[in-house]
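Protein chains: 2
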Amino acid sequence: MSKDRTVTACLIIIGNEILSGRTRDANLSYLAKWLNEEVGIQMREARVIPDIEDTIVDTVNECRAKFDYVFTTGGIGPTHDDITTEAVAKAFGIEHDLLPEAHEVLKEYYGPEGLTSARARMAYGPVGSTLIDNPISKAPGFQIENVFIMAGIPQIMQVMCDSLKHSLTGGKPVKSRSIRTELPESRIAKVLTELDQQYEHVDIGSYPFFNNGKAGTSLVVRTTEEDLLIEVSDIIYQSAFELGGNPVFEEVD
Amino acid sequence: MSKDRTVTACLIIIGNEILSGRTRDANLSYLAKWLNEEVGIQMREARVIPDIEDTIVDTVNECRAKFDYVFTTGGIGPTHDDITTEAVAKAFGIEHDLLPEAHEVLKEYYGPEGLTSARARMAYGPVGSTLIDNPISKAPGFQIENVFIMAGIPQIMQVMCDSLKHSLTGGKPVKSRSIRTELPESRIAKVLTELDQQYEHVDIGSYPFFNNGKAGTSLVVRTTEEDLLIEVSDIIYQSAFELGGNPVFEEVD
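Chains as they are written, first to last, in our numbering: chain Y, -11 to 241; chain S, -11 to 241.
Among the hints, erroneous ones may be present.
The list makes no distinction among identical chains, and a pair is therefore deemed to hold if it is satisfied within one copy or across any two copies.
To be verified - Once the Cα atoms are required to be at most 30 Å apart in a straight line, the calculated DSSO-like pairs of lysine-lysine come out as:
{"id": "1", "residue 1": "K178", "residue 2": "K54"}
{"id": "2", "residue 1": "K54", "residue 2": "K78"}
{"id": "3", "residue 1": "K78", "residue 2": "K178"}
{"id": "4", "residue 1": "K163", "residue 2": "K95"}
{"id": "5", "residue 1": "K202", "residue 2": "K163"}
{"id": "6", "residue 1": "K178", "residue 2": "K95"}
{"id": "7", "residue 1": "K160", "residue 2": "K126"}
{"id": "8", "residue 1": "K202", "residue 2": "K21"}
{"id": "9", "residue 1": "K202", "residue 2": "K153"}
{"id": "10", "residue 1": "K178", "residue 2": "K126"}
{"id": "11", "residue 1": "K202", "residue 2": "K54"}
{"id": "12", "residue 1": "K160", "residue 2": "K54"}
{"id": "13", "residue 1": "K202", "residue 2": "K95"}
{"id": "14", "residue 1": "K153", "residue 2": "K95"}
{"id": "15", "residue 1": "K78", "residue 2": "K160"}
{"id": "16", "residue 1": "K163", "residue 2": "K78"}
{"id": "17", "residue 1": "K126", "residue 2": "K21"}
{"id": "18", "residue 1": "K126", "residue 2": "K202"}
In short, the hints are calculated from the structure, not lab data.
With the rest of the complex left out, here is chain Y (with noise of 0.2 Å):
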């Protein structure tokens, strides 16, 4: 992929438990960031679905030949509910059997008689993928062609980025610069729309916040061109200090 193009990606968070509402997904900011920081790709999309094959299914299918890059999580544990794999390869129309390298690994790891027939459900993948590192416990993701099966848990999501780094090709990392400014969003409004109308490859995010009963506005600048980065920033900065809002840059977290 050229230097020059946008590379995009899209999430498909797999699991009955954020739809509920009982837990609430950090892999999406983490990979978000993690992706565009290290690697040049823009998160475009993500998904919050059921643990229903069909559904999965659906989804994978459409996200990748959507997106250069697709990544899931959740659903690739040992029970009953752990049903990603398996859908994937539907989604492809391949087999779904015993990976012998990912049987190895298992192996080695909970020994011959710890590996139990539910511990083993964890190294049957889609046949012709490539296996994803996991250095915490060692059940591994999947890679099949531009989709990435990675685990639920933040932790050993986390570490499966490392593991397939060199698998991503990116482009140009968008660079952002925040400034924090006292004033509310609709005093600056006007300076914004001017601005946004008139640098085309720059995007200008304005997000409100309350904060210990004091109104104000983060506005967030986001470019691959540095020197457009700078510009737009300081234009901003300088109207809101003109309009008396105290501005400071701060922190992108």
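Assemble chain S onto chain Y, guided by the hints.
Chain S in isolation, oriented as in the chain Y frame:
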């Protein structure tokens, strides 16, 4: 809608700041629990999409055909990146214009001089929509058919839920019980598989955790049938006890 059938919802989270990883969404988990507990509506999918008009139009049209209710969060403020109401109007093929009732509410709140053109922008919505009251900062949400346009700021989204409750018709709420055990999930997998096959209308989730270096599993039973809930969760508790897993019933958070 009949009390016997499942009533479904989808949440469309609109905002570049969620996809960039800057902000972690807090609305999905609140809304999913609130819809289930207060109205008996099941969240079946969520999508995170960017501030791009065509994407919003397509996503709203796909989801409003597929689910009983669609909620959107984000993009209804006074700045250039707030394009949700316009995009939803376009999705329905109806006009987007100043809504007199919304204009009155804002004029009363800001006073005639305080209602700048940026703020007045928040009184524009899909023509024919019903306002969703916002007791905190007054700028309303909008309901058009089965689509509810809500604020992205969690405090405001939450008070809007109270305002729109009477507009929703749900079914039976899903009840849940959760059992925390020291067993790794592979140790209890067989029991769960059998229960999953035996009880068609009960959803059993298995969620491994690591806490202070100790691994364990939370087992969550979910169903609309109170008697099945007690029956299945008691069997799981007993099985975990017999396997030496020190089970305890825990609060579902």
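Now for the hints, and whether the structure bears them out:
1. K178 x K54: Neither. Shortest intra-copy (35 Å) and inter-copy (38 Å) distances fail the 30 Å Cα cut-off.
2. K54 x K78: Intra 18 Å, inter 23 Å, cutoff 30 Å: intra and inter.
3. K78 x K178: Result: close only across copies, 24 Å inter versus 51 Å intra.
4. K163 x K95: Cα proximity of K163 and K95: none, with 44 Å in one copy and 39 Å across.
5. K202 x K163: within (29 Å within a copy, 39 Å between copies)
6. K178 x K95: between (63 Å within a copy, 19 Å between copies)
7. K160 x K126: Classified as neither: same-chain Cα gap 32 Å, cross-chain 41 Å, threshold 30 Å.
8. K202 x K21: both (29 Å within a copy, 29 Å between copies)
9. K202 x K153: Answer is between: at 29 Å across copies they meet the 30 Å cutoff, but 42 Å inside does not.
10. K178 x K126: between (54 Å within a copy, 21 Å between copies)
11. K202 x K54: neither (42 Å within a copy, 41 Å between copies)
12. K160 x K54: Cα proximity of K160 and K54: one copy only (20 Å, versus 37 Å across).
13. K202 x K95: between (58 Å within a copy, 21 Å between copies)
14. K153 x K95: For K153 and K95, the Cα distance is within 30 Å only inside one copy (26 Å; across copies 53 Å).
15. K78 x K160: Intra 34 Å, inter 33 Å, cutoff 30 Å: neither.
16. K163 x K78: neither (38 Å within a copy, 32 Å between copies)
17. K126 x K21: within (25 Å within a copy, 34 Å between copies)
18. K126 x K202: between (48 Å within a copy, 16 Å between copies)
The structure fails to meet hints 1, 4, 7, 11, 15, 16 from the earlier list, while all remaining hints are met.
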